[in-house]
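Chains as they are written, first to last, in this note's numbering: chain A, 1 to 283; chain B, 1 to 317; chain C, 1 to 525.
No lab work stands behind these hints, which were simulated from the structure alone. Check each hint, because a few of them may be wrong.
As the list claims (entries may be wrong) - Calculated Cβ distances over 10 Å to all of chain C for the following chain B residues:
#, residue
1, L16
2, S20
3, M127
4, D133
5, I154
6, L165
7, A220
8, G222
9, S293
To be verified - DSS-like mimics (lysine-lysine), calculated; alpha carbons at most 27 Å apart, straight line:
#, chain 1, residue 1, chain 2, residue 2
10, B, K52, C, K131
11, B, K54, C, K116
12, C, K352, C, K366
13, B, K158, C, K266
14, B, K59, C, K390
15, A, K7, B, K130
16, C, K521, C, K104
17, C, K110, A, K138
18, C, K327, C, K493
19, C, K196, B, K52
20, C, K414, C, K390
21, C, K133, B, K59
22, C, K196, C, K221
23, B, K130, A, K17
24, C, K83, C, K110
Just so you know, even glycine gets a beta-carbon here, dropped at the ideal spot from N, CA and C.
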Amino acid sequence: MRSRRIKNVIEEFKGNKGALLSGAFLIFIILISAFAFLIPINPDATNTSSMLQPPSSAHLFGTDELGRDYLTRTIYGGRVSLIVGILAMVISTSIGIGVGTISGYFGGKLDNILMRFVDIVSSIPWMILVTVVSIFLKPGLQAIIIVIGLFSWMETARLVRAETLSIKEREYVLYAVSIGESSKNIIFKHIIPSVFPTIIIASTSSIASAIMTESSLSFLGLGIQQPMSSWGNLLQNAQTNLQSAPYMAILPGLLIILTIYSFNKLGNVLRVFVEPKIAGGEG
Amino acid sequence: MAKYILKRILQAIPLLLIISIICFTLIQLAPYNAIDAMTTPKMPQETVELIKAKYGFDKPIYMQYFLWLKGILSGHFGYSIVTHESISNDLIARIPATIVLVLPAYIISIVISIILGLTAGANKNKMVDKIIDGFCSIGIAIPSFWFAMIMIFIFGYKFAILPILGMNTIGVDGSFTDFLLHFIMPCSVLIIAFLPELIRYVRSSTISQITEGYVMVQTAFGSSKREILFKHVSKNVLLPIITKAGMALPMLVTGAMITETVFGWPGVGPYFINAVRGLDYPVIMAILILSSSLVIIGNLLSDIIYCLIDPRIKEME
Amino acid sequence: MNFKKLSKVLVGVTAAIFLLSGCGAAKNTASNGTGTKAKPDTFIYGIGGDPGNSVNVITTSDRFGLMEIKALYSPLYMYNADKIVYFLAENMTQSADKLTYTAKLRKDVKWSDGAKFTADDVVFTYNEMLKEKNAGWAYSQLIFNGKPVKLEKVDDYTVNFILPEVSAPGIELLANIFIMPKHIYEGETNFENSEKNAKPVGTGPYKLAEYKAGQYVKMVKNDDYFLGAPKINNVIFRVIPDANTAKLSLQKGEINALVVQSSDLKDLIKGDNLTPYTYDEGRIAYMVLNSNSSKLKDTNVRQAIFYALNRTDLINAAFGSEEYAKKAYTFLPNENKFHTDNVEKYEFNQSKAKELLAKAGVSGLKLKLGYSGSDVPSQKEAAIIEQNLKAVGIDVELAGGESAAISQQMKNEKSNYDMFLNGYIMGIDPDTFNSLFISNSQYNYSHYKDKEIDDLFNAGRVETDKGKRVEIYNKIQNKLQGNAYFYPILENKRIVVMSSNLTGVKEASLVPVYTFEDMSKLYFK
Numbered sequence: 001m002r003s004r005r006i007k008n009v010i011e012e013f014k015g016n017k018g019a020l021l022s023g024a025f026l027i028f029i030i031l032i033s034a035f036a037f038l039i040p041i042n043p044d045a046t047n048t049s050s051m052l053q054p055p056s057s058a059h060l061f062g063t064d065e066l067g068r069d070y071l072t073r074t075i076y077g078g079r080v081s082l083i084v085g086i087l088a089m090v091i092s093t094s095i096g097i098g099v100g101t102i103s104g105y106f107g108g109k110l111d112n113i114l115m116r117f118v119d120i121v122s123s124i125p126w127m128i129l130v131t132v133v134s135i136f137l138k139p140g141l142q143a144i145i146i147v148i149g150l151f152s153w154m155e156t157a158r159l160v161r162a163e164t165l166s167i168k169e170r171e172y173v174l175y176a177v178s179i180g181e182s183s184k185n186i187i188f189k190h191i192i193p194s195v196f197p198t199i200i201i202a203s204t205s206s207i208a209s210a211i212m213t214e215s216s217l218s219f220l221g222l223g224i225q226q227p228m229s230s231w232g233n234l235l236q237n238a239q240t241n242l243q244s245a246p247y248m249a250i251l252p253g254l255l256i257i258l259t260i261y262s263f264n265k266l267g268n269v270l271r272v273f274v275e276p277k278i279a280g281g282e283g
Numbered sequence: 001m002a003k004y005i006l007k008r009i010l011q012a013i014p015l016l017l018i019i020s021i022i023c024f025t026l027i028q029l030a031p032y033n034a035i036d037a038m039t040t041p042k043m044p045q046e047t048v049e050l051i052k053a054k055y056g057f058d059k060p061i062y063m064q065y066f067l068w069l070k071g072i073l074s075g076h077f078g079y080s081i082v083t084h085e086s087i088s089n090d091l092i093a094r095i096p097a098t099i100v101l102v103l104p105a106y107i108i109s110i111v112i113s114i115i116l117g118l119t120a121g122a123n124k125n126k127m128v129d130k131i132i133d134g135f136c137s138i139g140i141a142i143p144s145f146w147f148a149m150i151m152i153f154i155f156g157y158k159f160a161i162l163p164i165l166g167m168n169t170i171g172v173d174g175s176f177t178d179f180l181l182h183f184i185m186p187c188s189v190l191i192i193a194f195l196p197e198l199i200r201y202v203r204s205s206t207i208s209q210i211t212e213g214y215v216m217v218q219t220a221f222g223s224s225k226r227e228i229l230f231k232h233v234s235k236n237v238l239l240p241i242i243t244k245a246g247m248a249l250p251m252l253v254t255g256a257m258i259t260e261t262v263f264g265w266p267g268v269g270p271y272f273i274n275a276v277r278g279l280d281y282p283v284i285m286a287i288l289i290l291s292s293s294l295v296i297i298g299n300l301l302s303d304i305i306y307c308l309i310d311p312r313i314k315e316m317e
Numbered sequence: 001m002n003f004k005k006l007s008k009v010l011v012g013v014t015a016a017i018f019l020l021s022g023c024g025a026a027k028n029t030a031s032n033g034t035g036t037k038a039k040p041d042t043f044i045y046g047i048g049g050d051p052g053n054s055v056n057v058i059t060t061s062d063r064f065g066l067m068e069i070k071a072l073y074s075p076l077y078m079y080n081a082d083k084i085v086y087f088l089a090e091n092m093t094q095s096a097d098k099l100t101y102t103a104k105l106r107k108d109v110k111w112s113d114g115a116k117f118t119a120d121d122v123v124f125t126y127n128e129m130l131k132e133k134n135a136g137w138a139y140s141q142l143i144f145n146g147k148p149v150k151l152e153k154v155d156d157y158t159v160n161f162i163l164p165e166v167s168a169p170g171i172e173l174l175a176n177i178f179i180m181p182k183h184i185y186e187g188e189t190n191f192e193n194s195e196k197n198a199k200p201v202g203t204g205p206y207k208l209a210e211y212k213a214g215q216y217v218k219m220v221k222n223d224d225y226f227l228g229a230p231k232i233n234n235v236i237f238r239v240i241p242d243a244n245t246a247k248l249s250l251q252k253g254e255i256n257a258l259v260v261q262s263s264d265l266k267d268l269i270k271g272d273n274l275t276p277y278t279y280d281e282g283r284i285a286y287m288v289l290n291s292n293s294s295k296l297k298d299t300n301v302r303q304a305i306f307y308a309l310n311r312t313d314l315i316n317a318a319f320g321s322e323e324y325a326k327k328a329y330t331f332l333p334n335e336n337k338f339h340t341d342n343v344e345k346y347e348f349n350q351s352k353a354k355e356l357l358a359k360a361g362v363s364g365l366k367l368k369l370g371y372s373g374s375d376v377p378s379q380k381e382a383a384i385i386e387q388n389l390k391a392v393g394i395d396v397e398l399a400g401g402e403s404a405a406i407s408q409q410m411k412n413e414k415s416n417y418d419m420f421l422n423g424y425i426m427g428i429d430p431d432t433f434n435s436l437f438i439s440n441s442q443y444n445y446s447h448y449k450d451k452e453i454d455d456l457f458n459a460g461r462v463e464t465d466k467g468k469r470v471e472i473y474n475k476i477q478n479k480l481q482g483n484a485y486f487y488p489i490l491e492n493k494r495i496v497v498m499s500s501n502l503t504g505v506k507e508a509s510l511v512p513v514y515t516f517e518d519m520s521k522l523y524f525k
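Model the full structure from these sequences, guided by the hints.
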């Protein structure tokens with residue numbers, strides 16, 4: 001069963017040019033971010049005699065308002081945005097799995113309370129929660145990862161709960177219960193692995209939306225702070241210099257679009273992993 | 001039916017209370033408060049303390065909360081600490097501005113998404129579908145503030161054909177053309193933000209509807225594809241759309257925060273962001289309660305409409 | 001429901017919304033606004049914040065509220081760096097024993113509702129400002145060593161201000177207080193939220209016509225203005241919180257004036273339709289070290305930090321060039337009559353900085369710098385400071401935050417921040433700066449208690465001999481720089497860009513905070 005799924009994924013990749021390109025782009029971005037330290041230019045090195053220079057041989061994408069090399073800052077910014085996206089996803093997915101499986105498996109009053117709690121947190125418009133909490137926590141890398149992670153788990157929780165509800169009626173689970181396996185074991189050994197494919201898909205779109213959220217918050221000045229660069233706060237600076245240096249807005253913006261697009265595309269492809277019948281050429 | 005509505009409303013009240021308590025606590029826990037945001041070195045310590053006492057900051061937290069709650073229940077949203085304005089007046093001035101921007105944008109988005117979604121779903125995997133779906137994928141990935149920036153640069157600056165600030169030019173009240181010119185850009189930004197998800201939604205609804213029995217029956221009867229699509233499938237697709245629309249009710253208040261800030265549109269968005277920055281808690285709480293209530297009302301409305309429209313559900317009761 | 005019907009309904013609803021919003025309520029329209037061929041009769045000034053609907057002379061203290069107050073009300077006189085400009089008062093004289101100031105009031109002033117302006121209004125206003133519970137912004141200025149100034153009405157057009165003790169800056173402390181009408185506000189207990197604030201009755205060059213929350217304040221000229229009716233019929237303060245949007249508005253002629261950063265000038269000054277005006281605000285940007293930080297106890301370390309900083313770099317980064325900001329070496333602005341350059345300047349000297357650090361036996365120092373994250377020049381200065389200090393081996397953690405949060409940290413003696421970046425505008429007389437440095441003031445952000453400085457400030461306040469006063473403040477400036485907790489960086493100018501067809505700017509006079517001292521002098525060419 002598993003190997004057929006993997007085969008489907010590979011076939012999907014082969015047939016879908018878009019997916020291939022997305023995958024390649026993501027690998028490219030991740031590699032560049034990981035090896036950013038190899039770049040000889042210091043992203044924080046200011047140079048007040050060459051502020052806002054257009055692209056040249058010394059600075060491939062010009063310099064920003066403090067004379068720092070823009071390309072280098074964008075690459076480091078990408079690293080920050082990716083880290084935020086991935087870590088926030090890990091946090092929100094973990095919470096989501098936790099809440100979802102417990103709620104779905106144990107049901108009853110616990111389920112009720114947890115779902116009410118999910119309702120409450122979902123009822124508060126997300127923007128409001130995030131902006132209020134980010135004022136409270138000192139703005140920075142840690143704060144934004146925590147904030148985004150803490151407020152994006154609800155959807156995952158609901159998904160996981162729904163899956164858990166159906167999985168717990170499967171025979172092998174009923175069997176495990178009947179032979180007296182502890183709930184903890186059942187959840188970890190049976191439920192979570194079965195829920196896993198759904199999680200994978202949800203996590204790619206989770207990364208994508210975390211990156212978007214971080215960009216919006218940084219753009220509003222509530223996210224990543226100087227001198228650290230992220231794609232969002234680079235765009236905030238770009239807006240101020242839009243007339244004299246319009247190119248500053250283009251690079252980070254394009255990278256955000258491509259990265260989010262690629263992650264979503266990846267999610268679509270992985271969908272095949274989960275639902276082999278769709279790949280079977282129907283519909 | 002009426003009993004059901006009543007039950008839901010009663011359930012909602014403790015929810016709102018809890019939300020308000022959580023938010024209030026969060027704000028109070030911040031290491032500084034709104035008054036600190038306003039003091040300058042020219043103010044002596046005594047004046048600062050006096051101002052704080054005036055706003056009740058010297059009282060314990062739960063006291064402050066009860067005072068605030070009492071105010072809300074008697075219909076007073078209170079005064080903004082920063083602008084000293086009555087919050088109700090501020091909101092009455094600002095909410096219509098937001099609605100006038102968000103509502104048309106959303107409605108237009110729904111109409112477009114129904115058309116495109118139906119077309120895409122019906123022609124799954126063909127060229128049309130691929131283009132539309134591609135557009136959605138890219139659309140979801142575009143940050144709305146970036147798109148707004150680019151639009152302002154192109155249309156407001158480079159080609160200078162559209163105004164970029166506010167709802168109308170000063171001194172030109174009541175001119176519809178002027179309003180429309182100001183309206184085009186922020187509305188487009190919002191539409192681009194709303195469309196992709198809506199189209200996707202309609203599309204997947206359509207795809208699942210097309211495999212239903214009645215479509216086959218209609219095809220057997222010889223109805224044209226177009227007829228089937230727009231006369232039959234659309235009705236069933238409309239249901240989940242309405243559900244979604246109901247849940248979008250709070251957007252009438254907080255749905256365009258970033259866009260409003262970038263375009264200087266005098267709606268709730270910039271008002272709220274300023275309040276958050278200045279820790280102006282009466283304003284924050286007021287907007288929070290307002291939008292949370294709208295979320296709950298919206299959900300309720302969706303459910304009710306769903307019940308009313310879908311005869312299958314009625315029959316089940 | 002039929003889909004076709006539904007879509008028709010939807011389209012109908014959308015159209016209806018459009019129509020309704022467009023037609024709106026036909027409010028009182030001012031005449032045409034922007035950039036038409038005929039001479040414009042409206043001056044539109046873009047401002048970054050909302051003055052609010054409750055401006056009043058007692059509690060309003062924010063920049064934008066004060067601008068509105070300046071247009072609607074008048075003070076007795078304004079005390080500027082170079083001279084006194086009289087408004088409601090014809091002159092101010094000081095008694096021989098220097099304890100009494102006598103104000104002779106103009107007899108030809110009417111309130112905008114027709115009532116006559118008299119000494120009663122002056123006495124009323126100052127007394128309300130003196131009531132502690134009103135939390136007036138000028139309350140502390142009117143208290144001398146714990147005792148309030150006393151007001152005495154001599155006759156309908158003469159008022160005496162009796163100080164409890166001699167005060168050198170006395171005339172400045174009595175200034176810039178706007179007068180409100182007694183017949184409107186008498187008995188009012190809550191100035192801040194009073195309903196009367198919505199319909200102001202004043203003596204200023206303009207009257208309030210309309211206020212739209214978050215959008216604009218519309219004012220119309222006061223034909224009875226005692227200094228002559230304004231030439232421009234309407235003034236609008238347009239609220240534009242986003243600086244980039246404001247800049248674009250200025251370029252498109254949607255507004256006529258805007259305060260900008262020096263970096264915006266090259267985009268704005270193309271062609272000749274916009275003119276920049278730069279003037280001194282007496283604003284000093286500085287860095288202050290926390291004397292309670294264990295890492296900064298050694299004077300050598302503190303001095304090393306100062307020598308490592310490059311003021312030219314900081315000025316270029318934050319303000320573009322020395323045209324818009326001058327180096328500052330003491331706490332007094334360069335133009336101040338008591339300013340002296342005869343102090344330890346800590347001119348940029350990297351090798352000396354490294355030497356001092358070696359002498360102190362310190363290496364691998366890590367310091368935390370707090371500053372307002374939303375203030376663009378501060379952000380840039382902070383980045384430069386980080387680089388400057390890195391070059392001598394000191395690691396700086398940049399901890400920018402909301403201004404209110406940083407403000408809290410600065411006042412907190414137990415704060416774990418080591419350094420702060422900030423700026424101030426105080427007054428003209430050097431005594432108005434005392435709250436920044438004396439021992440127990442909450443605004444003494446270094447928390448360093450120097451009794452000598454306290455004594456010097458106290459002496460300076462009552463010293464009447466000019467020469468001796470200069471000596472006192474020289475000593476203060478020297479001691480402060482010697483203590484090495486306070487590092488003045490620069491003094492930046494304010495830049496206002498206006499439509500080129502706006503004239504009379506010099507007569508209107510550009511001043512700190514209010515921008516225009518008297519808007520009635522402006523007119524379009």
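Verification of the hints:
With a closest Cβ-Cβ approach of about 26 Å to chain C, L16(B) is found to remain outside the 10 Å limit, as its non-interface label requires. The non-interface label for S20(B) is consistent with chain C: the shortest C-beta to C-beta separation is roughly 23 Å, beyond 10 Å. Every CB of chain C is more than 10 Å from the CB of M127(B) (nearest about 25 Å), matching its label as outside the interface. A cut-off of 10 Å between C-beta atoms confirms that D133(B) is not in contact with chain C; the least separation is 23 Å.
Chain C leaves I154(B) outside its interface by the beta-carbon criterion, the shortest separation being 12 Å against a cut-off of 10 Å. Look at L165(B): its CB is around 5 Å from the nearest CB on chain C, not clear of 10 Å, so calling it non-interface is violated. With 10 Å as the threshold on Cβ separation, the claim that A220(B) sits away from chain C holds: the shortest Cβ distance comes to roughly 22 Å. With a closest Cβ-Cβ approach of about 20 Å to chain C, G222(B) is found to remain outside the 10 Å limit, as its non-interface label requires.
For S293(B), the requirement that its beta carbon stay farther than 10 Å from each beta carbon of chain C is met, with the minimum near 22 Å. Pair hint K52(B) plus K131(C) holds up; C-alpha atoms about 16 Å apart against a cutoff of 27 Å. Restraint check for K54(B) and K116(C): not satisfied, since their Cα atoms lie roughly 34 Å apart, outside the 27 Å limit. Taking the CA atoms of K352(C) and K366(C), the gap is about 19 Å. The hint holds against a cut of 27 Å.
Taking the CA atoms of K158(B) and K266(C), the gap is about 16 Å. The hint holds against a cut of 27 Å. Between K59(B) and K390(C) the CA atoms are separated by roughly 46 Å; this puts the pair beyond 27 Å, and the hint is violated. Restraint check for K7(A) and K130(B): the C-alpha separation of about 24 Å stays at or below 27 Å, so the hint holds. Proximity of K521(C) to K104(C) is assessed by CA-CA distance (about 24 Å); at most 27 Å being required, the pair is judged to hold.
Proposed proximity of K110(C) and K138(A) is contradicted: the alpha carbons are some 53 Å apart, above 27 Å. Distance check on the hinted pair: K327(C) and K493(C) sit about 11 Å apart at the alpha-carbon level, within 27 Å; holds. Note on K196(C) and K52(B): the hinted pairing holds, with a Cα-Cα distance of about 23 Å set against a maximum of 27 Å. Taking the CA atoms of K414(C) and K390(C), the gap is near 26 Å; set against the 27 Å cutoff, the hint holds.
A C-alpha spacing of about 18 Å is found between K133(C) and K59(B), which places the hinted pair at or below 27 Å, so the restraint holds. A threshold of 27 Å between alpha carbons decides the hint, and for K196(C) with K221(C) the separation of about 20 Å falls inside it, so the pair holds. At most 27 Å may separate the alpha-carbon atoms for a hinted pair to count; K130(B) and K17(A) meet this at roughly 12 Å. With a C-alpha separation of about 26 Å, the suggested pair K83(C) and K110(C) falls inside the 27 Å cut-off, and the hint holds.
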